[in-house]
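From first to last, the protein sequence lines stand for chains Z and V.
Sequential numbering from 696 applies to the first sequence in our numbering.
Sequential numbering from 696 applies to the second sequence in our numbering.
Hints are not guaranteed to be accurate.
Claimed, not checked - Lysine-lysine pairs mimicking DSS-like chemistry, simulated, CA-CA at most 30 Å apart:
(1) K1063(V) with K831(V)
(2) K1131(Z) with K1131(V)
(3) K1131(Z) with K831(Z)
(4) K904(Z) with K1131(V)
Worth flagging that the hints you see were computed from the coordinates, not collected in a lab.
2 protein chains.
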Amino acid sequence: MSDLQGYIHREMPRFREELFDFLRIPSVSARSEHAGDIRAAADWVASRMRDAGLEASVMETPGHPVVLGEWRGAPPGAPTVLIYGHYDVQPPEPLDEWHSPAFEPTLRDGNIYARGASDDKGQLFLHIKALEAHLKVTGTLPVNVVVLAEGEEEVGSPSLVPFVEAHHERLACDVVVISDGSMFANGIPSLLFSLRGLAYFEIHVQGPKGDLHSGTYGGAVVNPGNTLARILASLKDDSGRVAIPGFYDDVMEWDQATRDAIRDLPFDEEGFMGEVGAPGLDGESGFSLLERLWIRPTCDVNGILCGYTGEGAKTVLPARAMAKVSFRLVPRQTPDRVRELIEEHIADVAPPEVTIRVLELHGGRPWKADLEGDFFEAARSALEAAFGTPPVLAGEGGSIPIVVDFQEILQAPVLLMGFAPPGANMHAPNEWIPVKNFETGIQAMASFYTQLGG
Amino acid sequence: MSDLQGYIHREMPRFREELFDFLRIPSVSARSEHAGDIRAAADWVASRMRDAGLEASVMETPGHPVVLGEWRGAPPGAPTVLIYGHYDVQPPEPLDEWHSPAFEPTLRDGNIYARGASDDKGQLFLHIKALEAHLKVTGTLPVNVVVLAEGEEEVGSPSLVPFVEAHHERLACDVVVISDGSMFANGIPSLLFSLRGLAYFEIHVQGPKGDLHSGTYGGAVVNPGNTLARILASLKDDSGRVAIPGFYDDVMEWDQATRDAIRDLPFDEEGFMGEVGAPGLDGESGFSLLERLWIRPTCDVNGILCGYTGEGAKTVLPARAMAKVSFRLVPRQTPDRVRELIEEHIADVAPPEVTIRVLELHGGRPWKADLEGDFFEAARSALEAAFGTPPVLAGEGGSIPIVVDFQEILQAPVLLMGFAPPGANMHAPNEWIPVKNFETGIQAMASFYTQLGG
């Protein structure tokens, strides 16, 4: 065990306690009442960056602040690595499904349960700890490092692109490293070859000006609830494909080699079924399960609210209905084009007796990796060294909208390596991360810097 | 002006104050937390019956109590009139759409605004006041009278049929009079020729065992929100007809004379449009607006709840989705048959990857009147005397499930005459009744008894 590895292993109890402190801050970016918690989380991250030996700044944006940690002591000509993560979290609801409170991190069976454990506080923090290890043990790093932690990832990063554009000189780098996803499987690390994008909408249907008695008016008034159901049903066809005209025009068809590689992965479909816990799986016909998750687009209802939803039978013809609906996008699709298509489609489908509003809440472009170069090789070696097995190339069904923006604005490749376990309940109750993943992630990143120095 | 008319007119300020007291009691039968208010409303009704000169009993049921008021001093051989009404009310939500509080009755422009003003406290109470007028002014009535006020009408009257069956000898009568609906138009009273029935369901769709991240799982997991939308959309076709196979098998086709009479009514379609306040009206093609409201069945979504419905974009693939859906039924349809048909239909439509539960919350059979006999003629004359214009024969889109049961158990015809204004917001915010309707209703019922004595 090297000094670096020894330091990390020895300091783990403290690292874990610090992570628990981080997880206790309910930094829910979607809720305005948590603005103070967001601020507290930003300050907390800045303090830990300073403890690690970085210079840290909490920088204002029109939304929640960006925390920037910098270490620029590498030899002249050394490259710069930019680490990106986020300190905000998803809302914790439904609260009654958590086995321990969402913001009281709890250790059970070697796993840490808390909102943000995997997404992304645990993974952001392991990067800070890897830097701390290098700086405390060797006093230096072979590369310059910038850590950028934002507080709006879970609401679509509205301030981040302007921030990166405004500070592109300070953020100039040779590679961007992001850990905001899962490993391919327990014990099998992965580097991502693609990310899906996202287009998230709220659809509002307004019928009568107020709620009506369903007996007195039913049969003559167009019901916004029935209409919304009709709109939502029209978004997908029987074969699991999105049924919006033109939706597949921009969808990239992957080469056979990539599709074969995906099919050859040792995917634990039974384990996946167990995580899901539904009577069965389904999706677009003609594609394997991993293809459907990684390289094919989707349409999912995220929420619906209409009329009376309390106890008992209220015979109301509701005045309005609302749905949250999102699409996962694949390379060459764009949220802007999807917005146009859904607006056209809904205008075609909806009857004239209701008023429809479509709001775009969140958009992120899909991404496709460049799988070559020194950084890619260093990451591959570091993951193999830490986990004892080489990483596989994997896709990711989720979205990190900023990836494409980083690549374009900073003109640097992006490496995506996740340390969360599959089934980490990232946007659901009982989010978790194994302590082991947290520690091995720190070891892997420490090794990454060592490789870059070698 | 007769003594009777004079008494009613003179006592109106007191009658109105008493009605306000009644309306202040939040006797919401659908909510268990209002059990105490229900009890208070029952006691209040019994006290007012006693004040009017009736003997009153608050009688227990497995649910909310029935209040029975009786006067049996008519000459031997005189018929018995049973008045039915209900003292429970709909939930007041959405509260923020009320211009004055739901349970603080407010007089504006000659109208009383409060939950229950029209449905049914105002109408139940006018019957009690008509009896009071007769008993105070003349000391007698030409008929025996039983007033039955229940507290579970808004939750489907679960205890009433067993109650009527158990007490059928005490409730024996020659006619049942019910005022729980609207007049045909302002100033035009009506007697009903039909009522629609009701079949009200909750549909629950369960997919994954817990909420999932829509990126990590979307595309492979059947989404209960999309599935529910598909089920709801499948319930109606493009022409506004219910699309459940077999649904129209039992639907009675009305004779041409009735359809012609409906088309000849001076219906204020523009006023109706104004009440609704939607960009347009629609419904089953091939039928006039009143036919769609009165003699044709419907399918209306009453509520939907699924996933995340708060502020912002939560990328969740929800574990479950729920809808409340109800059907208005017309003569010869039955809630039991509709339940069988919807269960079969949903089983056909739903994919096997989700679990569906269909709960029947509420059922009531449709009804068709017998439009002849002494009571019908007395009612017609009394309405004409009070309103200065003869009543029209009208249908009613709403449901009073007990009507069919009364007819069958007590073997007596039912007269339905409503005094609420059209557009009374009965199950919606800002429910109201004109003071004038309340007073003229009392005069009409007082005249009804006078006619029966003449």
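Hints, one by one, checked against the model:
no.	hint	in the structure
1	K1063(V) with K831(V)	36 Å, violated
2	K1131(Z) with K1131(V)	77 Å, violated
3	K1131(Z) with K831(Z)	22 Å, holds
4	K904(Z) with K1131(V)	26 Å, holds
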